[in-house]
Amino acid sequence: MVKVNKGNRPREVDERILVEKAKKGDKAAFEELVRQFSKYVYTTAFFILRDAHDAEDVSQEVFVKVYLSIGGFRGLSSFKTWIRKLTVNTCIDKLRIYSKTKDRKVSLEKITEEYEVVFNKFNQSLENSYFNKETVKDVLKGIVNLDENYRIPLILRDLQDYSYREISELTGKPIGTVKTNIHRARKMIKEKIKR
Amino acid sequence: MSNIGKYLKIARDVLIKPSDNIEQKIIDRISNIDKNDEGLLDEKFLDFFRKSNSRFYLVFEKFKNNQGFFVTLAVTIIFIIVIIFLVKKTSNGEEKGERTPGLSSSKKKA
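Read top to bottom, the protein sequences are chains A and B. With my numbering, letter number 124 in the first sequence gets 136, and the count goes up by one each step, no holes. With my numbering, letter number 23 in the second sequence gets 99, and the count goes up by one each step, no holes.
Keep in mind that the hints are not guaranteed to be accurate.
[Claimed, not checked] Listed next, with one range per pair, are the computed distances between beta-carbon atoms:
1) B:L116 / A:E181: 19 to 25 Å
2) A:S90 / B:K165: 44 to 50 Å
3) A:I29 / B:K127: 22 to 28 Å
Bear in mind the hints are in silico, worked out from the structure with no lab data behind them. These numbers were taken from a predicted model, which means no experiment stands behind them. Heads up, the beta-carbon is just placed ideally off N, CA and C, and yes, glycines get one too.
So that you can see chain A by itself, here it is in the shape it has in the complex (with noise of 0.2 Å):
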């Protein structure tokens, strides 16, 4: 199923008001920016982790961090973007757990069925073009089968754009081979949505 938000939410709190509120204590603002950004958190989560259970952990955990040391957070980056390297810090250390135990793969099914797509801010254009949505929706269920060493650089370039540097680092693979992978694995992608 596939749900299309045509755009933010129209009463959405600005997160820096809302940062600097929960900075103080205030409750309710950390409760809007939990609603603001747990499905994000999630999501990027269930993209690394490809476990929902997992990756509703990782979001409980990301968020309990972030109340805990909110208070000392300087804004000199923005609160998506803080937030965003905490949830992949926090997924690449529990996939260094779990690649001594065990490599998860979720069915090319379970996407769709099991979980509901959400376009957040799709292109007015595209909206009416279901062929768009469905070749999206095939990218996204082409990058969760993918295997990890293709999968984790090709997330951290092309969905949360980081650096090659950066991803060298936090998978502590050449910047060479970084690039050979997301190359191959953009190229997996591609045959994958041919067929």
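Following the hints, complete the assembly by docking chain B onto the known chain A.
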């Protein structure tokens, strides 16, 4: 399918809606924070927190992530400075050249 970049760009804004009410779960979790949860703020987190609160670190990271841009900028600035310097030097030389014949003619008269 050469447009993969276009679809990846759209995919950036896609959200997966959790089956359960995750917002409420997180809010409940926060309402029940105890001393043990402070253990989540481990050395790794504190390192991340220190870095994200350091202006110097963030600027340095920006520089490292955009080395090409900053090097091009520096080279352009140096090039402009060199051009300005050369233009000034040339114009000074011309001024001196103009003055010298005047001086020599006055010397002759004397």
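Hint numbers not upheld by this structure, sorted from lowest to highest = Every hint satisfied by this model.
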